[in-house]
Structures are given as structure tokens and as C-alpha cells.
Amino acid sequence: MTCPYKYANEIEYDFSLLKPEDYDKLQAFSCGNEVLDAYIHSDVIKKENEHVYVNCEDGLHFKIWDKKTGEILGFVSLAASAIVFNVDTTYTTHLSAVKIDVFAINEKYQKLHYDEESATDSDSQNHYYFSDEVMGSTLLHIKNTSENNVLINYIFLYSDKEKVHFYERNHFERFHRFMVGENTQEIRNNIPMYIRLE
Amino acid sequence: MKKAKKRYMNKKKGDETMAISAKPRTGALIVDAKDKDVFFAPKNNTTTKAIERFMAHKPKDGIVNPFKK
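Order-wise, the sequence lines are chains A and B.
Residue 114 in our numbering sits at position 111 of the first sequence, with consecutive numbering throughout.
Residue 65 in our numbering sits at position 53 of the second sequence, with consecutive numbering throughout.
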């Protein structure tokens, strides 16, 4: 099945918490990355006998969904966290941050330009895709949380090497040399990136 | 004087105090502090810029966006 829209500005979407009843729709979601798809299909909404629940061990899960069709267009997982910052060799501090643990866009919508202006612009730096739109919604969601609920100074994530340009276009930058990234098997080959909340 | 210590010694002859303050760890801290000031200074790579870009792209007429009211 292909994307039913010509441009992303035609999509009436919403950004809301994932619920156990989204199980079937989540199974139909694919971002094209096998490992991430397997995680999203198997570990996010758990079915144990009659009990169905959203597994929030790693973060709070959000769906970006089409209000006309109900289709899940994007999947974002957020967690309260901190960036380790080495002040000097003996003193370390933590910068309050939200970690974007998962940022996944439905494969069919990844290359969907937002409007004709973006599609016809010869300079790729001016391109604006549906994925940029979802990132903008995510940043605004976190900014609202920071202004109304709990202070957050930074947002960070571990980018796939091939997606660094996408995050740079959205004003993320690679970790400063005093920032310490995690070193786990899952993200060993990823690039830690951050953006300051203002 | 051992080679390692000599390396970090200030070049100014006869100024023992400066030589002491330029020991490896202290020296590194001085350099790092400058970098950290730059890090915490206001910058352009913030969510403000990213959200401005987001807001500049308007949905098609009749399409409601929860964040672009």
C-alpha cells in the first residue's frame, strides 16, 4: 500500500499517548528498520493471556496518527533523563534532559514532502518532509512539558549514522566533548546528539 | 627535572608560580573552562529555531493541526 497523500500538509494528524487498544494498528506499522520494527511490534504493547498493557519500561510511547483513517504514521518514545557533563576530571554534573528513545516514521510517509514548495525546491537544505513535521510536534510537546510541568534544559537522542543529517536539519548537534554518551550494545554505533530547549 | 614535568612548565624563565599553576591537571582545567563558557552561552541551535521552522509550514486550508492553532 502506498501513501494516499500528495503532500503532508493534507494530513490531519494527532499526537497522543499509545493505548493497549492500538495493538493491531501498531502491528501494521513499519519504519523499514527490522530491529526497530521488531521492538515496536513485540515489546511496546504486551499481551499476556487476557492482559494487554503498554510496556513503559524504556519511555512513554506516543503515536502520531491519521485522524481520518486511524493509521499510525509515527511512533515516538520519550523518557526523563540527563546528559552527563564532565566539569573537570573530578567533578561531573547532570544536565536535565528528555531522551527521545525512539523516533520512527511509517516507511510510506518518510519521503513525503510537506508541500509543493518543498517538493520543487532544488536546495535540499530547504526540504521539509512529514518526518520534519513529526519532529517539530515532538519538540513542541517537550517544550510544553518543560514550560508547564517540569523543567527540561536539553533534548538528546542517539542517531542512526545515516540519519544525522535529518537531525542536524532540525537543529540538533553532536555531543559536546564534555558530554558523555551511554555505551550499550544497542546504541554503540549511533551518534549522540542534543538540542538546547529555549 | 623529569621530561614530563618540563613539558607543562611555563616558558617564562624565573617565574616559579606560573610554572606551578600550569601543572597538567590545572592547565587542562583552564583550557576546558573557556570551552565550557562557550557551551553555556546563548546559541542558535536551539528548539526556538527548530520550532520556528515547524510553525512556518502551515497545513492546507481546512486541515487542523493540534500544534499550529
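Since the hints were derived computationally from the structure, they do not count as laboratory data.
Don't take every hint at face value.
[As the list claims (entries may be wrong)] Subject to a maximum C-alpha distance of 27 Å in a straight line, what follows is the list of computed DSS-like cross-link-like pairs (lysine-lysine): (1) Lys-49(A) <-> Lys-114(A); (2) Lys-80(B) <-> Lys-71(A); (3) Lys-55(B) <-> Lys-9(A); (4) Lys-28(A) <-> Lys-49(A); (5) Lys-70(A) <-> Lys-28(A); (6) Lys-61(B) <-> Lys-22(A); (7) Lys-72(B) <-> Lys-146(A); (8) Lys-49(A) <-> Lys-70(B); (9) Lys-111(A) <-> Lys-22(A); (10) Lys-111(A) <-> Lys-71(A); (11) Lys-72(B) <-> Lys-50(A); (12) Lys-70(B) <-> Lys-50(A); (13) Lys-49(A) <-> Lys-61(B); (14) Lys-9(A) <-> Lys-80(B); (15) Lys-81(B) <-> Lys-70(A); (16) Lys-80(B) <-> Lys-22(A); (17) Lys-71(A) <-> Lys-61(B); (18) Lys-81(B) <-> Lys-114(A); (19) Lys-22(A) <-> Lys-164(A); (20) Lys-61(B) <-> Lys-146(A); (21) Lys-114(A) <-> Lys-61(B); (22) Lys-70(A) <-> Lys-55(B); (23) Lys-166(A) <-> Lys-146(A); (24) Lys-55(B) <-> Lys-49(A); (25) Lys-55(B) <-> Lys-71(A); (26) Lys-55(B) <-> Lys-166(A); (27) Lys-81(B) <-> Lys-9(A); (28) Lys-55(B) <-> Lys-111(A); (29) Lys-72(B) <-> Lys-49(A); (30) Lys-114(A) <-> Lys-72(B); (31) Lys-80(B) <-> Lys-49(A).
- prompt: Which hint numbers doesn't this structure obey?
  reply: 1, 3, 6, 8, 11, 12, 13, 17, 19, 22, 24, 25, 28, 29, 31
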